Amino acid sequence: MLDAVARNTQKGIRWRSVVTESALVRRLAIAIAIAFLTLFLVLPLAVVFVQAFSKGLGAYLAAFQEPDAQAAIKLTLLVAAISVPLNLVFGLAAAWSIAKFDFKGKSLLMTLIDLPFSVSPVVSGLIYVLLFGAQGLFGPWLMEHGIKIAFALPGIVLATIFVTFPFVARELIPLMQEQGTSEEEAALTLGASGWRTFLTVTLPNIRWGLLYGVLLCNARAMGEFGAVSVISGHIRGLTNTMPLHVEILYNEYNFVAAFAVASLLACLALVTLAAKSFLEWRAGDTLSGRPGH
Amino acid sequence: MEIKVANVAKEFGETAALRDVSLTVRPGELLALLGPSGSGKTTLLRVIAGLEAPERGLVFFGGQDATGLPVQKRQVGFVFQHYALFKHLNVADNIAYGLRVRERARRPSKDEIARRVSELLELVQLSGYERRFPAQLSGGQRQRVALARALAVEPRVLLLDEPFGALDAKVRKDLRHWLRDIHERTGQTTIFVTHDQDEALELADRVAILSNGRLEQIGTPDEVQDRPQSPFVLSFLGDAARFEARVAGDKVLIGGKPVPVDAHGHGDGEVALYSRPWQLRLVSPVGAHARGVVAGIRRVGGSRRIEIHGAGKDKVEVETSLSIEPALGEEVGLEILGGYIFPVG
Amino acid sequence: MTSVLPAHIRFRRASVIPGFGITFGYTLLYLSLIVLLPLAALVVRASSVGIDGIVAATLEPRVLGALKISFGISFIAAIVASVFGLLVAWVLTRYHFPGRAVIDAMVDLPFALPTAVAGIALVALYAPNGWIGALFAPFGIKIAYTPLGIFVALVFIGLPFTVRTVQPLIADIERELEEASATLGASRFRTLWSVLLPPLLPAILTGFALAFARAVGEYGSVIFIAGNIPYVSEIAPLLIVIKLAEFDYTGATVIATIMLAISFSTLLVINLIQAWARRRFGNA
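Chains as they are written, first to last, in our numbering: chain A, 1 to 293; chain B, 1 to 345; chain C, 1 to 284.
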């Protein structure tokens, strides 16, 4: 019976879990996936920083001394500071009405909220040019009254709001639907006002999702290129956001400066990704984690 | 086919799921693996199936060592607790799956597969359900499809993991009889896992009782009930009251009074005496084996259960006829009519 | 507070929770002002051209060429992104290896990185003197400034969509299904192919459609690497920008309308796929 008592591994009995592939296949798949992701994700990110610092730290910092670069950074921050809070308020209102109530046409409303995701950024800019441009619907009237929307700050803000429109709402709706209404109903029966219920019951439950939605919204607002490019008119120092400034510098063959400004935007992306990982860990996988739909 | 498990041990990290388990399943037998959750019964079933690798010990199929044989080659029929039907395949395709995945040389022809499928559907009484998808079936129907799928591969042994666990009480009862019926018709060697002692005792030819990764006892339902080999088996199979007793010679004594229990094989000294509710009788406190106070009265079918405090080690239950109805708080005596003795421990 | 209307006529089911009127009203107002009205302006503009005008403008060779390039390359890129997306999602969900969490987080990079940054980074890599481009240059393969460059950028853009739509489904696969298949004698490859892959198909198709829709409209990451040669590597969104710069609003509108129509059909297809999957696999 000695045979039966010895460890099976010592008897040369090789065993592999039935719910996984052979070690060879596993290693091959991991290698292919890592190679692919390196090629398509890691290297593009790395090259931004390598190029930005290719002429040394001095050249890198010099790119930000330029008045045009500073104007672009300021404009980008301003645009985000206006559009993100507006979409935050909208996202909360939309999520509250959709997640906490039953009404007809709910799925249609959700589809409409998603609409900007499926519109090309260029088309997003175009629609505002068609409305407010010189040949646009309201163009002549605006011109008469001396109001500038297209090729000015209001146009840039509008286009940015459009492309970042669904982010906060998309993140909150599934989260609030999952949580249902029983906690709010409990608070109301205990005598809390509607506003107080929202602040003390709903908000703490959705705070991580809300934060993530705002981060995504902000990242896209600061980084939007196509829509803003169409509506801004590319006026240096006036209507140039950071991504547009990157383009101009790049087209002028000022690569170090272009990549320097780009590196700042890449850092924004990295912070967003890190925050997402952190929030997912905090919220225990309740974030939907899916881009787009 | 005879299935033999020899000295099998299995650990998950630090915790031992099976410790040195050996048992033999006879050809054509319906064996129940019975035990509380965490006893290792499902692990044992999965080791036999080849879904888990035992760290030590061997598994034999029909006298041949199958320990290193991969699950795909073991030819077992496994019915999972949640059925694990393939949702994207209809009933017929689910059942045919095991035949279709065979290599070309062993694969039956299309017509043969279709014939087997309709035969099996008839066996599980689901003819006409070929084109349904699992989502369109009730729990009991899914269970039957899962069984037909497992039988389709003509398994050397049929393994069922908590086959009735996910069903409601009424369907459970019906399926129990039906499974016994199928077993009798197919003569398939079958092992099923359950935590429900009624299910095991009613259905199985023999019952193997596990606790903490050890095999406590294996035997026919009568054997394990009439001759439990450990206090665990005894109390797992039903209520039992425990008393402190003493063996003196060939007599078992409680408080100096003899009890009609055989002391055979036990040396003199302290023992634990266990009695079923029907092995006790209410008597007057004077001169009784034990005394206590009536703490509760329940009606169970055609008899009465009296709960008595202070008489045994823990609570004591006595089964009486409906005509006897003591008052709550009344002091009563117990006469011990029979029981089982084990060393104190 | 009981309503006199029967339930099926009332617009909304009664609830004790306050704030429906104001939040719903605000949602509709904001949605109309920001999204619906401007899109309507586009449709009005396009309809003023008339069907004949739209057809004529579409058949203009340069427009037709740009649409073919945009849709053709997007289609191929979305297929490649779906195949690798499935592999990446599988590896990230099922295997454990050092650095897994970091790589998992990196998958969202194309989604978070501004497209202009992605654009110039891809050029720097795939240009003939770039890190990767230099590897191919000796064989006479040019990536940047050719349709191949557009393809690279669109795979980059589509990847997070294809990975993230299948990943949660892979995580939810019941272990019992794989075990059941193994006990029935199926090889591991057969199990993957016949048991695990079919239920993932709707999600794979959805991911493909999302990547495709995104790729068709993509502008920033493509224009730097595309070379933008009319009939060869000029994408439809760029043509809209060019028409606008030439003050040809009508031309721009027509291309935009076609692209919108196709994006919406894609959206519709996605919804149909998901509805079909729900019916077929229960609550999958």
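Just so you know, these hints were derived from the structure itself, not from any lab.
Bear in mind that the values here come from a model prediction, so they are computed numbers and not experimental data.
Backbone N, C-alpha and C define an ideal beta-carbon position, used for all residues, glycine too.
Incorrect hints may have been included.
Derived pair list, reagent style DMTMM-like, types lysine to aspartate or glutamate, alpha-carbon separation capped at 25 Å [as the list claims (entries may be wrong)]:
| id | chain 1 | residue 1 | chain 2 | residue 2 |
| --- | --- | --- | --- | --- |
| 1 | C | 68 | C | 248 |
| 2 | B | 87 | C | 176 |
| 3 | B | 87 | B | 122 |
| 4 | B | 73 | C | 176 |
| 5 | A | 148 | C | 176 |
| 6 | B | 173 | B | 244 |
| 7 | B | 257 | B | 330 |
| 8 | B | 73 | C | 246 |
| 9 | B | 73 | A | 21 |
| 10 | B | 257 | B | 331 |
| 11 | B | 251 | B | 202 |
| 12 | C | 142 | A | 21 |
| 13 | B | 170 | B | 154 |
| 14 | A | 148 | C | 246 |
| 15 | B | 173 | B | 29 |
| 16 | B | 173 | B | 198 |
| 17 | A | 104 | A | 21 |
| 18 | B | 87 | C | 172 |
| 19 | B | 313 | B | 325 |
| 20 | B | 315 | B | 250 |
| 21 | B | 87 | A | 21 |
| 22 | B | 87 | C | 174 |
| 23 | B | 315 | B | 270 |
| 24 | B | 251 | B | 268 |
| 25 | B | 4 | B | 202 |
| 26 | B | 257 | B | 319 |
Cβ pair distances, simulated, as ranges [said to hold, decoys possible]:
| id | chain 1 | residue 1 | chain 2 | residue 2 | range |
| --- | --- | --- | --- | --- | --- |
| 27 | A | 20 | C | 268 | 36 to 42 Å |
| 28 | A | 16 | B | 115 | 56 to 62 Å |
| 29 | B | 169 | A | 16 | 56 to 62 Å |
| 30 | B | 181 | C | 97 | 31 to 37 Å |
Do the hints match the structure? See the list:
1. C/68 with C/248: Holds, at roughly 21 Å.
2. B/87 with C/176: With Cα atoms ~12 Å apart, residue 87 of chain B and residue 176 of chain C stay inside 25 Å; holds.
3. B/87 with B/122: Satisfied, since the Cα-Cα distance of roughly 21 Å is no more than 25 Å.
4. B/73 with C/176: holds, 18 Å
5. A/148 with C/176: violated, 64 Å
6. B/173 with B/244: violated, 39 Å
7. B/257 with B/330: Judged against 25 Å, a Cα distance of about 23 Å means the pair holds.
8. B/73 with C/246: Answer violated: residue 73 of chain B to residue 246 of chain C is near 71 Å, above 25 Å.
9. B/73 with A/21: Answer holds: residue 73 of chain B to residue 21 of chain A is near 17 Å, not above 25 Å.
10. B/257 with B/331: Within the cut-off at roughly 20 Å; holds.
11. B/251 with B/202: violated, 35 Å
12. C/142 with A/21: Violated - the C-alpha atoms of residue 21 of chain A and residue 142 of chain C are around 37 Å apart, more than 25 Å.
13. B/170 with B/154: violated, 30 Å
14. A/148 with C/246: Roughly 20 Å between the alpha carbons, so the hint for residue 148 of chain A and residue 246 of chain C holds.
15. B/173 with B/29: holds, 21 Å
16. B/173 with B/198: holds, 11 Å
17. A/104 with A/21: With Cα atoms ~48 Å apart, residue 104 of chain A and residue 21 of chain A exceed 25 Å; violated.
18. B/87 with C/172: The hint holds at about 14 Å.
19. B/313 with B/325: The given pair, whose Cα atoms are some 24 Å apart, holds under the 25 Å limit.
20. B/315 with B/250: violated, 28 Å
21. B/87 with A/21: It holds: about 22 Å lies between the C-alpha atoms, which stays within 25 Å.
22. B/87 with C/174: OK: residue 87 of chain B and residue 174 of chain C at ~11 Å, within 25 Å.
23. B/315 with B/270: holds, 20 Å
24. B/251 with B/268: Answer holds: residue 251 of chain B to residue 268 of chain B is near 9 Å, not above 25 Å.
25. B/4 with B/202: holds, 24 Å
26. B/257 with B/319: holds, 22 Å
27. A/20 with C/268: 36 to 42 Å: Hint holds: Cβ distance 38 Å, inside 36 to 42 Å.
28. A/16 with B/115: 56 to 62 Å: violated, 35 Å
29. B/169 with A/16: 56 to 62 Å: At roughly 40 Å between Cβ atoms, residue 16 of chain A and residue 169 of chain B fall outside 56 to 62 Å, so the hint is violated.
30. B/181 with C/97: 31 to 37 Å: violated, 51 Å
Violation of the numbered hints given earlier is confined to hints 5, 6, 8, 11, 12, 13, 17, 20, 28, 29, 30; the remaining hints are satisfied by the structure.
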